[in-house]
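Q: Residue-level listing of the chains:
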Amino acid sequence: MGKACFLTPPSIEDLYAQYPRLQASNHKITSQRTDRYNCVAWIEREMDRWLEPEIFWPDGLPIPADSADLDCYIALFRSWGFEDCDSADLEDGYLKIAIFATGSEFDHVAKQLPSGAWSSKGGSLYDFKHEDLSALGDCLVMPNATVDRFMRRPNDGADPYEIEENGLIRI
Amino acid sequence: MSTATLVRTDRSLEGNEGFVEEPEGASALESLETFDPGDKGAAIRDTFSELADELEDAAVALSSTRRALRYPAFIEILELGDSVIPEVIERLRVSENRPLWLRVLGTLTPFPPGAGESTIDAAADAWIRWGRLAS
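Chains as they are written, first to last, in our numbering: chain A, 300 to 470; chain B, -16 to 118.
Hints are supplied without guarantee of correctness; some may be wrong.
Unchecked claim - A few chain A positions that, by computed beta-carbon distances, are all more than 12 Å from chain B:
hint, residue
1, S324
2, L412
3, P453
Stated by the list, open to error - With a cut-off of at most 25 Å between alpha-carbon atoms, the simulated SDA-like pairs for lysine to any residue come out as follows:
hint, chain 1, residue 1, chain 2, residue 2
4, A, K410, B, R49
5, A, K327, A, A364
6, A, K327, B, S101
7, A, K410, B, S101
8, A, K327, B, D40
9, A, K410, B, G24
10, A, K327, B, A41
If you are wondering where the hints come from, they were derived from the structure by calculation, not from laboratory data. Remember, it's a predicted structure, so these values are computed and weren't measured experimentally. Backbone N, C-alpha and C define an ideal beta-carbon position, used for all residues, glycine too.
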């Protein structure tokens, strides 16, 4: 068994400038800063993919003709086994995601952890655990976004989501 | 983990032997070859540098680089035209927000931001190699 270490980011000012509701008590940074993946890829822990139409996008999924791209992201999440659900409430046996959008334009997606907290990847910044979805409110790049669409898929509970919870890696 | 395969476009920069000669790419390349390095060029580079810093700051938390298309700095960079492509590629080389510069290149040229590659590292490398060929 290797030892565990916490990934301490060298600079987090950009993150706090962008997410003004993040406070010491409501979040934990769980990765180094990286632009190799975005929040969409983070749902599946695809940590070498920036999943976005026209950049890297799975074959067979729709590509938006204009800025209204929310349905394209919904199609991607469905392809990963997610289905619509009514709320962000924690449910045993399911992994839930919460989708932030401005009208028909996709902004962000966060995933719920077994603890009930959420995990997000902020643009080209960090991964971070946040206690609730309101912690992302007033984000500078999505000031008018709403989070009123939730999806879920069965989760057998075998994955403890350690990296999302604690930012721990085994070395 | 997802098993989905990723889009690989026929317009990949990598291994495209006809890339430099392609008619649809000729405009940008001709501009690069005839780029005036004089005062006007320096002014454009200075303007680009200011806009690029502004754009990087504004877009750092974007999950979708498509959102940056409407940012004033993005629009003004496009208005500078093909001549700033070398500066964009340099930004791509050093930036901590490479997807943003991939999007800029995909808008300034007829080629896809992802360059037909599967990762940000590979796409950035492809664009940087293309920039060397074009210079």
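Q: So, for every hint listed, does it hold in this structure?
A: Hint check:
no. : hint            : in the structure
1   : S324            : holds (21 Å)
2   : L412            : holds (17 Å)
3   : P453            : holds (16 Å)
4   : A:K410 / B:R49  : holds (22 Å)
5   : A:K327 / A:A364 : violated (37 Å)
6   : A:K327 / B:S101 : violated (30 Å)
7   : A:K410 / B:S101 : holds (24 Å)
8   : A:K327 / B:D40  : holds (22 Å)
9   : A:K410 / B:G24  : violated (47 Å)
10  : A:K327 / B:A41  : holds (23 Å)
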